[in-house]
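Listed below, chain by chain, are the residues.
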Amino acid sequence: MKKSVIFGAATVACLSAGAAAAGTLDDVKARGKLNCGVTTGVVGFSAPNAEGVWEGFDVDVCRAVAAAVLGDSTAVEFVPTTPKTRFTALSAGEIDMLSRVTTWTLSRDADLKFTFVGVNYYDGQGFMVPKELGVSSAKELDGATVCIQTGTTTELNLADFFRSNNISYEPVPIETVAEAQQQYLAGSCDVFTTDASQLASTRATFETPGDHTILGDIISKEPLGPTVRHGDDEWADVVRWSYNTLVAAEELGITSANIATLAGEKTDNPEINRLLGHEGSMGEMLGLDADWAVRIISAVGNYGESFERHLGGQSAIGLARGLNALWTEGGLQYSPPVR
Amino acid sequence: MNTDIAFVQTETIPPSPPPSSAIGPSKWIKDNLFSSIPNTILTIVTIWLIYTVLMQVVPWVANGVWTTSSLTECREVLQGKTGACFSVLSERWNQILYGFKYPVDSYWRPNLALVLLAFAAAPVMFFDLPRKMLIFTALYPFIAFWLIWGGTILGPLVALLGFVAGGYTFKTLSMKSFAAGFFGAIAAAFAIWIIGGALIPETASENAWLSPVPSRDLGGFMLNLMLGVTCVSLSLPLGVALALGRQSNMPLIKGISVVFIEFVRGVPLITLLFVASVMLAYFFPPDSTVDLFLRVVIMITMFSAAYIAEVIRGGLAALPKGQYEAADSLGLDYPQAMRLIILPQALKISIPGIVNVAVGLFKDTTLVSVISMFDLVGMIRGPILASTEWNGVYWELLGFAALLFFIVCYGISQYSQWLERRLATDHR
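Chains as they are written, first to last, in this note's numbering: chain A, 1 to 339; chain B, 340 to 767.
Keep in mind that the hints were calculated from the coordinates and are not lab data.
All of these numbers come straight from a predicted model, not from anything done at the bench.
Honestly, I wouldn't trust all of these hints.
To be verified - These stretches of chain A come out as covered by chain B in the derived footprint (C-beta under 8 Å, 3 or more residues):
1. 47-58
2. 118-127
3. 220-234
4. 252-258
Unchecked claim - List of simulated lysine to aspartate or glutamate pairs, DMTMM-like, C-alpha gap at most 20 Å:
5. B/440 x B/630
6. A/33 x B/630
7. B/660 x B/649
8. A/33 x B/556
9. A/131 x A/207
10. B/515 x B/672
11. B/440 x A/207
12. A/266 x A/279
13. B/440 x A/55
14. A/113 x A/268
15. B/440 x A/77
16. A/221 x A/207
17. A/33 x B/545
18. A/131 x A/190
19. A/221 x A/155
20. A/139 x A/207
21. A/139 x A/170
22. B/510 x B/672
23. B/420 x A/51
24. A/266 x A/233
25. A/29 x A/77
26. B/687 x B/545
27. A/113 x A/232
28. B/420 x A/211
What the hints assert, rightly or not - Covered by chain A, per the in silico footprint, the following chain B stretches (three or more residues, Cβ under 8 Å):
29. 371-382
30. 567-579
31. 607-618
Backbone N, C-alpha and C fix where the C-beta goes; we use that ideal spot for every residue, glycine too.
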């Protein structure tokens with residue numbers, strides 16, 4: 001019987017925090033699978049499809065790390081986590097990394113002892129209003145009724161914003177986005193406010209998305225990024241540079257379409273050569289082999305491709321790149337040099 | 340006699356039928372729906388309400404779209420008409436029922452387990468059936484475990500052997516003393532499990548006839564049913580033991596029972612589930628972990644056992660003292676008195692309460708969605724509503740979930756009413 005109750009042990013190794021801290025990279029290689037914490041379902045970021053295969057923008061980061069470390073982007077054990085279980089799962093060692101719309105804040109970094117390896121999505125709190133209201137800026141919302149999720153930072157941000165602009169509003173407290181959607185469409189509130197990416201994906205499900213507009217005002221900073229435990233810098237480096245590879249590939253114009261040609265022979269561009277392992281020993285420094293970046297890009301494409309596939313024009317959500325455009329195009333996405 | 344009368348009726352006139360207003364449907368309508376002015380008003384309002392609801396629901400269901408592959412396509416097909424998008428059910432039904440990771444070619448295994456459950460539960464629920472069928476009931480947990488989780492058959496076999504050895508030890512030793520039998524049985528069972536567990540080779544599951552499925556891959560309504568059935572059937576005996584323990588004269592046993600019941604009843608189930616999923620990972624040594632499903636089963640069982648114990652304590656308290664004294668005067672010892680006289684009566688009184696707990700427990704199994712297990716509700720709220728195709732389909736999915744739960748809960752309630760009628764031996 002002891003056997004049969006411990007049969008999770010092989011696949012879902014719940015290592016203690018101490019054991020996991022020593023060489024996560026080696027643990028993952030020995031296990032042959034990356035345990036990656038994701039959401040239980042957020043549109044565009046992570047959700048299983050009809051075949052039960054996880055897909056999404058955050059999922060691509062997990063797949064990139066698996067491709068780099070294990071050479072197989074499907075060698076990921078996706079561990080669904082809720083906002084309440086995500087941090088304990090990571091610190092207890094149940095997962096090797098967390099890629100789950102998690103905002104990078106000082107307290108999470110210093111107090112909860114996590115290392116945020118980058119920002120894969122710059123989000124922020126926005127407003128959605130019906131077009132017929134004729135509002136073009138959040139500052140014109142004096143006296144509006146606002147649907148707002150209770151007990152979240154969005155509630156506090158909203159209060160701050162309205163107070164600092166010296167205008168009044170009437171909150172309509174709601175529990176979930178689903179509820180907000182119904183209330184908003186029924187006209188119980190003039191405005192719905194939450195993270196802009198969430199607003200866009202909610203609007204995409206409306207019968208007539210064109211009748212609603214997301215205002216340009218963004219009133220808070222929500223940098224979302226992949227996270228690992230404190231105390232294992234080698235592993236943090238692997239995750240950080242797996243993610244940076246996605247951005248660097250877009251900067252350098254490497255896509256999943258041309259990666260086969262570029263990987264085949266040395267190019268004239270030394271940056272591409274270093275990233276793809278033709279020159280230098282970048283992979284070796286990370287504890288990986290020379291082809292690590294080639295595998296990442298062949299598996300998930302570059303940052304822009306992943307964005308378009310899950311959040312941008314190719315998806316039903318249709319988000320604009322905005323802050324998440326490359327720094328050369330007026331956005332904030334920027335990869336430190338691979339050298 | 341006056342002979343001027345032209346005609347005299349010689350036989351009795353047959354009774355005429357009552358006027359149409361005093362018979363048939365019209366009388367029923369008059370008596371029941373329009374008997375007075377307030378009742379007439381209420382009737383009209385009710386009919387209007389029903390009409391309004393039906394006018395919304397009937398076209399919604401009748402226009403339902405079943406074959407599209409996303410919500411957007413549904414809306415294109417409907418062209419602005421009212422209509423449900425049932426396509427989400429026809430595309431994702433397997434995820435709703437089995438979760439998104441259970442291997443598709445193994446769906447027959449839980450299905451078969453469910454069919455066998457009917458045979459296993461029948462002799463327990465309908466005691467007119469031959470008692471020999473209870474043998475299958477005793478074997479069922481091991482068969483179901485093997486079917487659903489797959490892997491080597493040796494695991495369930497060793498577990499079964501442990502129970503058999505325990506039962507045999509109890510039978511031999513309890514002739515002398517109950518305590519010797521009780522503890523001897525536990526020792527024997529554990530000896531078999533430890534030895535047997537060590538003998539099963541590590542790789543036994545790899546080439547098993549039924550491919551092994553880890554607990555994390557279970558989901559959907561299957562998970563609710565499994566949790567519900569397991570926890571109800573485990574918490575009943577535990578609840579009986581706790582109720583008796585609380586009534587016991589032995590201070591230690593009484594104390595433990597009271598503390599357990601009061602502690603568990605004083606804590607929300609969701610807290611226990613969080614402890615099960617999150618905190619326990621810190622306490623177990625590295626590399627050894629108790630399966631999440633088992634942890635959740637233990638927590639829910641503890642929770643419902645505490646409630647069932649209180650329900651049964653009510654039943655015990657309702658018995659007149661004379662019943663206890665009658666058992667003593669017959670010279671029965673404690674186990675005999677309880678088994679033959681007290682518990683049959685107390686349990687009969689407690690049936691409505693126990694069923695109430697069971698129905699509540701079954702619905703509470705949806706709480707596991709907050710610890711990221713993908714039960715029916717977790718499946719709907721998480722993966723399905725988060726897919727770009729189906730984000731925004733609420734009524735169809737949650738209505739389907741409600742329908743599934745209603746079928747099971749209504750079945751339980753009908754069974755309990757039948758049971759009460761069947762056991763109605765008192766003279767009221």
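Going through the hints against the structure:
Interface restraint, the region 47-58 of chain A with chain B: holds (5 residues with C-beta to C-beta distance below 8 Å; minimum three). Here's how the region 118-127 of chain A fares: 0 of its residues keep a CB closer than 8 Å to some CB of chain B, so the rule of at least three is not met and the hint is violated. Residue count for the region 220-234 of chain A with a Cβ under 8 Å from a Cβ of chain B: 0. That is fewer than the three needed, and the coverage hint is violated. Residue count for the region 252-258 of chain A with a Cβ under 8 Å from a Cβ of chain B: 0. That is fewer than the three needed, and the coverage hint is violated.
Restraint check: the Cα-Cα separation between residue 440 of chain B and residue 630 of chain B comes to about 17 Å, which is no more than 20 Å; the hinted pair holds. Taking the CA atoms of residue 33 of chain A and residue 630 of chain B, the gap is about 19 Å. The hint holds against a cut of 20 Å. Between residue 660 of chain B and residue 649 of chain B the alpha-carbon distance is near 19 Å, which keeps this suggested pair within the 20 Å criterion. Between the alpha carbons of residue 33 of chain A and residue 556 of chain B the distance comes to roughly 16 Å, so the proposed pair stays at or under 20 Å and holds.
About 14 Å separates the Cα atoms of residue 131 of chain A and residue 207 of chain A, which keeps this hinted pair within 20 Å; it holds. Taken as a hint, the residue 515 of chain B and residue 672 of chain B pair is honoured in the structure, with Cα atoms around 14 Å apart against an allowance of 20 Å. This hinted pair does not check out: residue 440 of chain B and residue 207 of chain A have alpha carbons roughly 31 Å apart, beyond 20 Å. For the hint pairing residue 266 of chain A with residue 279 of chain A, the CA-to-CA distance comes to about 9 Å; that is within 20 Å, so the pair holds.
Of the supplied pair hints, the one linking residue 440 of chain B and residue 55 of chain A holds, its CA atoms being roughly 14 Å apart against a limit of 20 Å. At roughly 43 Å between alpha-carbon atoms, residue 113 of chain A and residue 268 of chain A are farther apart than 20 Å, so this suggested pair is violated. A threshold of 20 Å between alpha carbons decides the hint, and for residue 440 of chain B with residue 77 of chain A the separation of about 11 Å falls inside it, so the pair holds. Pair hint residue 221 of chain A plus residue 207 of chain A does not hold up; C-alpha atoms about 30 Å apart against a cutoff of 20 Å.
Between residue 33 of chain A and residue 545 of chain B, the direct Cα distance comes to roughly 17 Å. Compliance with the 20 Å bound is thereby established for this hinted pair. Of the pairs offered as hints, the one joining residue 131 of chain A and residue 190 of chain A holds, with about 11 Å between alpha carbons and a cut-off of 20 Å not exceeded. The hinted pair formed by residue 221 of chain A and residue 155 of chain A meets the criterion: a straight-line CA distance of about 14 Å does not exceed 20 Å. With a C-alpha separation of about 28 Å, the suggested pair residue 139 of chain A and residue 207 of chain A falls outside the 20 Å cut-off, and the hint is violated.
For the hint pairing residue 139 of chain A with residue 170 of chain A, the CA-to-CA distance comes to about 14 Å; that is within 20 Å, so the pair holds. Distance restraint check for residue 510 of chain B and residue 672 of chain B: the Cα-Cα separation of roughly 17 Å lies within the 20 Å cut-off, and the hinted pair is therefore satisfied. Proposed proximity of residue 420 of chain B and residue 51 of chain A is contradicted: the alpha carbons are some 31 Å apart, above 20 Å. For a cut-off of 20 Å, the pair hint linking residue 266 of chain A to residue 233 of chain A is broken: about 31 Å separates their Cα positions.
Between residue 29 of chain A and residue 77 of chain A, the direct Cα distance comes to roughly 13 Å. Compliance with the 20 Å bound is thereby established for this hinted pair. The hinted pair formed by residue 687 of chain B and residue 545 of chain B fails the criterion: a straight-line CA distance of about 48 Å is larger than 20 Å. Taking the CA atoms of residue 113 of chain A and residue 232 of chain A, the gap is near 11 Å; set against the 20 Å cutoff, the hint holds. For the hint pairing residue 420 of chain B with residue 211 of chain A, the CA-to-CA distance comes to about 18 Å; that is within 20 Å, so the pair holds.
With 0 residues having a beta carbon nearer than 8 Å to a beta carbon of chain A, the region 371-382 of chain B misses the requirement of three or more and the stated coverage is violated. Evaluation of the coverage hint for the region 567-579 of chain B: breached, as 0 residues show C-beta separations to chain A shorter than 8 Å, against a requirement of three. Look at the region 607-618 of chain B against chain A: 4 of its residues bring a Cβ nearer than 8 Å to a Cβ of that chain, three or more, so the hint holds.
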